[in-house]
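Number of protein chains: 2
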Amino acid sequence: MAVKRGAGDEVVTTTPATAAPDLDGPAVRERARAIPEAAVARLAVYLRVLSGMVDGGVTTISSEELSAAAGVNSAKLRKDLSYIGSYGTRGVGYDVEVLVSHIERILGLTRKHSVAVVGIGNLGHALANYGGFPSRGFPVVALFDVDDDLTGVPVGGIPVSHIDEIEQVCASREVSIGVIATPPPAAQAVCDRLVSAGVQCILNFAPVVLQVPDHVEVRKVDLAVEMQILSFHVARRADEASAEQAANGMVNGVGVEGVVIRP
Amino acid sequence: MAVKRGAGDEVVTTTPATAAPDLDGPAVRERARAIPEAAVARLAVYLRVLSGMVDGGVTTISSEELSAAAGVNSAKLRKDLSYIGSYGTRGVGYDVEVLVSHIERILGLTRKHSVAVVGIGNLGHALANYGGFPSRGFPVVALFDVDDDLTGVPVGGIPVSHIDEIEQVCASREVSIGVIATPPPAAQAVCDRLVSAGVQCILNFAPVVLQVPDHVEVRKVDLAVEMQILSFHVARRADEASAEQAANGMVNGVGVEGVVIRP
DNA sequence: CCGACTTTGTGCACACGTTCACAAGCGGTA
DNA sequence: TACCGCTTGTGAACGTGTGCACAAAGTCGG
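Sequence order for the protein chains is S and L. Per this note's numbering, the very first residue in the first sequence carries number 1; after that it's consecutive. Per this note's numbering, the very first residue in the second sequence carries number 1; after that it's consecutive.
Don't read these hints as lab results, they were simulated from the structure. A hint or two may mislead.
Unchecked claim - Example chain S residues on the side facing chain L (calculated, C-beta under 10 Å, incomplete):
1. V45
2. S62
3. E65
4. G156
5. M227
The model shown is predicted, which means the values in this text are computed figures rather than measured ones. Ideal Cβ positions, reconstructed from N, Cα and C, are used throughout, including at glycine.
With the hints as constraints, model all of the structure from the sequences given.
This is the structure we're talking about:
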């Protein structure tokens with residue numbers, strides 16, 4: 001998060017006079033740099049929806065249809081797609097296959113990204129067996145655990161390696177993404193070993209804030225945090241409801257006590 | 001996402017002259033409404049870090065220390081905390097326990113939120129056995145699946161119910177959060193049944209965009225999307241690296257072909 | 001070939017979230 | 001009590017992301 005501002009200096013989001021001459025050259029890099037993080041997440045969703053459409057035999061789709069299927073509004077969808085270039089036909093819509101291939105290119109899915117899962121507990125088992133990874137170009141090629149009883153046992157077709165082998169195995173199998181599914185206390189140590197093994201991307205399921213060098217990208221999935229965000233919305237909604245009720249029922253400005261908020 | 005703008009009309013984030021008289025009244029509700037979504041997610045992280053500090057015997061902490069432990073900068077942390085009120089002491093810092101209780105209150109954790117998991121496959125198993133939920137106030141009280149071979153079998157201490165019982169079981173056990181861990185094709189139907197059972201919050205692990213009424217809050221965890229975001233950053237970084245290399249090695253403006261980008 | 005209709009791509013304005021920088025306030029000290 | 005140093009809390013500037021509304025650009029029917 002620090003080196004990011006190395007080369008670019010003041011990123012110009014509007015690429016004014018870069019009309020059309022270079023369809024796929026250095027400009028792609030420049031543009032990729034300017035795609036908002038939020039848009040990238042949505043592009044992945046569009047890709048999934050579009051893949052389903054290809055299977056369904058759909059060849060062309062309008063921004064209105066696609067945005068409805070992806071759960072966003074059409075303006076946002078078009079803006080997101082404009083970040084990766086102009087591949088639609090006005091008056092018609094987008095060619096589904098063309099769009100798929102361009103999104104895949106931008107997301108870097110033309111390369112295979114081999115995945116290693118560390119921590120073969122309940123969650124690790126589930127991840128190793130999860131069909132969603134390989135089918136989307138993320139083959140799981142290595143599993144690690146500290147438990148000697150697990151090493152050698154195949155899970156989802158892949159034998160579990162001992163965590164001490166992490167460096168050599170990751171290197172030989174060209175792992176580019178590490179998934180941490182260990183108990184919280186082990187997470188930082190595992191993370192350090194993954195980094196020293198040359199892994200540049202980490203998906204962290206452990207409820208711990210990982211410290212990593214600038215060149216490593218971390219994304220976290222914290223189930224408890226997700227729950228708590230939902231909890232917040234429940235509470236907020238309950239407050240609003242009771243407030244509305246209070247506004248109708250009692251006119252004095254002091255009231256509304258003991259129903260929702262417990263100090 | 002639509003009804004939100006119902007009552008408030010122009011939310012005033014700055015609560016200027018609401019000095020101190022009402023420490024815990026209707027103002028809390030007003031304020032809760034104004035907390036940015038992103039801040040809520042971070043508050044959950046702060047809470048986790050602070051809980052660890054309580055266990056470690058820490059009684060007071062400065063914004064600088066806490067922000068470092070939570071992986072954010074101190075200004076953001078202080079602003080986040082200011083959304084929930086002024087509970088720090090200038091020149092000293094924050095009382096850890098006070099902060100914990102206030103964050104818990106804002107996040108609605110003074111109520112227990114019972115959880116139901118639907119779809120007892122690999123992931124469902126992992127979630128049912130996951131210790132992180134109960135310990136943070138989210139007891140798993142019900143499990144559902146369509147498979148008759150599973151119904152009755154206890155997983156993580158809770159017997160699996162058939163999905164047809166979802167309405168009555170959810171009602172009797174007062175489920176407030178539903179977790180969808182089914183295969184994609186089943187997700188929307190399950191979601192509809194959860195909603196009709198009165199569940200207001202849904203955590204969705206299926207790679208599907210769920211359609212729900214306005215009053216239901218959905219959060220999604222899509223592992224493939226997370227992977228693809230990581231993939232995007234790998235690609236971007238590779239592009240930057242090769243571009244830098246190209247800038248050093250070749251001076252003509254056309255070059256850099258065939259190394260990274262495959263059109 | 002032309003005009004009507006449809007849908008994209010984007011400039012612009014607004015809202016949201018982040019960061020900065022500093023006054024206000026508190027504890028410790030003489 | 002008066003001062004000094006430290007840390008909070010927050011106004012204000014900034015940057016990023018979202019939504020609107022429309023010109024540009026294409027198809028289709030006649």
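We went through each hint and held it up to the structure:
At its closest, the beta carbon of V45/S sits 6 Å from a beta carbon of chain L; the interface hint therefore holds under the 10 Å criterion. The criterion of a C-beta within 10 Å of any C-beta in chain L is not met by S62/S, whose closest approach is roughly 17 Å, and the hint is violated. Hint on E65/S is violated. Least Cβ distance to chain L is approximately 13 Å, over the 10 Å limit. For G156/S, the interface hint holds, the least distance from its beta-carbon to any beta-carbon of chain L being 9 Å, beneath 10 Å.
Because the closest C-beta pair between M227/S and chain L is about 5 Å apart, less than 10 Å, the hint holds.
When each numbered hint is compared with the structure, violations occur for hints 2, 3.
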